[in-house]
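Chemist: This is what each chain is made of:
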Amino acid sequence: MASHTHDKDHHAVSSDPHAPDPHEIEHIEQHIKLYWIIFGSLFVLTIITVLVAYLPFSTWGHIICALIIATFKAGLVVAVFMHMMTEKKLIYQVMIGAVVCAFILFFLTWFAWYDPIHWGKDPYKERPADHVVPAGHPTVH
Amino acid sequence: MATPSPSHGHVEEHPHGELIPYIVKSRPDTGLYNGKLGIWLFLASEVMLFGGLFSAYIFLRLGAEHWPYHDVLQIWPGLVNTAVLIFSSITMVLSWAAVKRRKMGEYYMWMWITIGCAFIFLGIKTYEYYGKFTHYGVHIKHASFAKYKGALEHEHAKVKEWVSSASFEITGHIHGVDDPNKSYIEFVTDPDTGGHGHGHAAHPPAADAHAPAKGGGGAGGHGNAIKIERSDILRYGVFYPKYNTFFAIYFVITGLHALHIIGGICVLTFFALPIGSAAIYKENPEWLANRIETTGLFWHFVDLVWIFLFPVFYLL
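Protein chains in written order, with our numbering: chain A, 1282 to 1422; chain B, 13 to 328.
Possibly wrong hints are sitting among the right ones.
Derived DEER-like restraints, expressed as beta-carbon distance ranges [stated by the list, open to error]: (1) B:Leu268 to A:Val1375: 18 to 28 Å; (2) A:Ile1345 to B:Ala76: 16 to 26 Å; (3) A:Val1381 to B:Leu271: 22 to 32 Å; (4) B:Ala260 to A:Ile1377: 47 to 57 Å; (5) B:Ile32 to A:Gly1356: 45 to 55 Å; (6) A:Ala1360 to B:Lys153: 46 to 56 Å; (7) A:Pro1337 to B:Ile32: 20 to 30 Å; (8) A:Glu1310 to B:Val279: 25 to 35 Å; (9) B:Leu72 to A:Ile1345: 50 to 60 Å; (10) B:Met116 to A:Phe1392: 53 to 63 Å.
Only pairs whose alpha carbons sit at most 27 Å apart, straight line, appear in this in silico DSSO-like list of lysine-lysine [claimed, not checked]: (11) B:Lys115 to A:Lys1314; (12) B:Lys194 to B:Lys153; (13) A:Lys1369 to A:Lys1314; (14) B:Lys153 to A:Lys1370; (15) B:Lys239 to B:Lys172; (16) B:Lys153 to B:Lys239; (17) B:Lys172 to B:Lys194; (18) B:Lys37 to A:Lys1369; (19) B:Lys239 to B:Lys161.
Don't read these hints as lab results, they were simulated from the structure.
All C-beta atoms in this analysis are idealised placements derived from N, C-alpha and C, irrespective of residue type, glycine included.
Using the sequences and the hints, build the whole thing.
Modeler: Okay, structure coming up:
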């Protein structure tokens, strides 16, 4: 109502408007258990990442393993610590846009194959295993 | 009721002179309080900022003549820092949960533990940076390399050939003081730990690759200084970002990440002190809870970036 003053509104709600909702407290206390479980999982996954690095995989094998574990860990942090699992649709829309843009950035690297210096040939295929002089590589002074 | 002013609803919801609407309650159209949408938009821009830098990393690595894999960074500081940040993430979310449950003593405790973790992280990072800033690399010219080959083999030194610059690179520490008036440098090389395969075979990371310089004693190596004539050196220097491509991108990304940690410490300290939290808690505890939630969203994001940084730089 237009005639309500601020004070009247404030006092009309209850004796203590800032008392926590007991239902919500119970909900949060359940969540605290989950937070500790996620912390434990993240810790174990970190140890696993390091152990996997000692396994005799190829470089690409290492890259794929490490990134899969890291992405899973990031997912746990976003879903639970950042409350994404109970988040509103708008947040998803914003973040999906950003992540897709960032992902596209990773593939800008492919344009290096079309670098005019290497026009007509694939510079990476023609490399002898470890002794390579990339064209346009700045000479270390 | 017939003609309410457009701002009237906001004023009624925030009866204590709050000028910003919807910082406690959710906006009906977004379903979010404004601070949360704001911080997520900021995080979206951060995703693209770090995404661009990781893209640069991929580009540099694919075009590199050599990539040092994991033989230049020690694993254990990175591993400890990962654990520290993960722990600080849970203490952050617990301080939010404490406000939600109106337990202010617990809130202050978790906040200060979070800040403590941030300082431990920066301390370990400083130790790592210091180790790099006192660690030398020397490029010996191809033509002069034969002179030193025997001595380097005797020391089991790690030697890397660079075809593009026609040089052999060794790393280690300057023995004593680097006196520019002398015609030579005395150099204690890093031992070859066998951990530098070329990506096709097993290459276990060298867990104890380098300790920071302490007067030039190479742990595990023979530790004898080799005299290298300056005229035989193509270039030498400590591991600053300009030393090579790996350190350039390593320092840019970890440095930017460390700046985020420092920014986080400022915000966390503000809210961990009564000046930042007591008044708004008294005003409305949910208002403080929302502020701690948005602080936490930033802090978890900083943790999240590190979750990718650690394997990318330390393990791969």
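Chemist: Hint by hint, note whether the structure agrees.
Modeler: How the hints compare with the structure:
1. B:Leu268 to A:Val1375: 18 to 28 Å: 22 Å, holds
2. A:Ile1345 to B:Ala76: 16 to 26 Å: With Cβ atoms ~20 Å apart, the hint holds.
3. A:Val1381 to B:Leu271: 22 to 32 Å: 26 Å, holds
4. B:Ala260 to A:Ile1377: 47 to 57 Å: 32 Å, violated
5. B:Ile32 to A:Gly1356: 45 to 55 Å: With Cβ atoms ~32 Å apart, the hint is violated.
6. A:Ala1360 to B:Lys153: 46 to 56 Å: 55 Å Cβ-Cβ, so the 46 to 56 Å window holds.
7. A:Pro1337 to B:Ile32: 20 to 30 Å: Hint violated: Cβ distance 57 Å, outside 20 to 30 Å.
8. A:Glu1310 to B:Val279: 25 to 35 Å: Check passed, 26 Å falls within 25 to 35 Å.
9. B:Leu72 to A:Ile1345: 50 to 60 Å: 20 Å, violated
10. B:Met116 to A:Phe1392: 53 to 63 Å: 54 Å, holds
11. B:Lys115 to A:Lys1314: 17 Å, holds
12. B:Lys194 to B:Lys153: 19 Å, holds
13. A:Lys1369 to A:Lys1314: Measuring from Cα to Cα gives roughly 23 Å; hence the hint holds.
14. B:Lys153 to A:Lys1370: Distance ~61 Å between B:Lys153 and A:Lys1370 Cα, so the pair is violated.
15. B:Lys239 to B:Lys172: OK: B:Lys239 and B:Lys172 at ~19 Å, within 27 Å.
16. B:Lys153 to B:Lys239: 15 Å, holds
17. B:Lys172 to B:Lys194: Measuring from Cα to Cα gives roughly 26 Å; hence the hint holds.
18. B:Lys37 to A:Lys1369: 14 Å, holds
19. B:Lys239 to B:Lys161: Holds: B:Lys239 and B:Lys161 sit about 12 Å apart, inside 27 Å.
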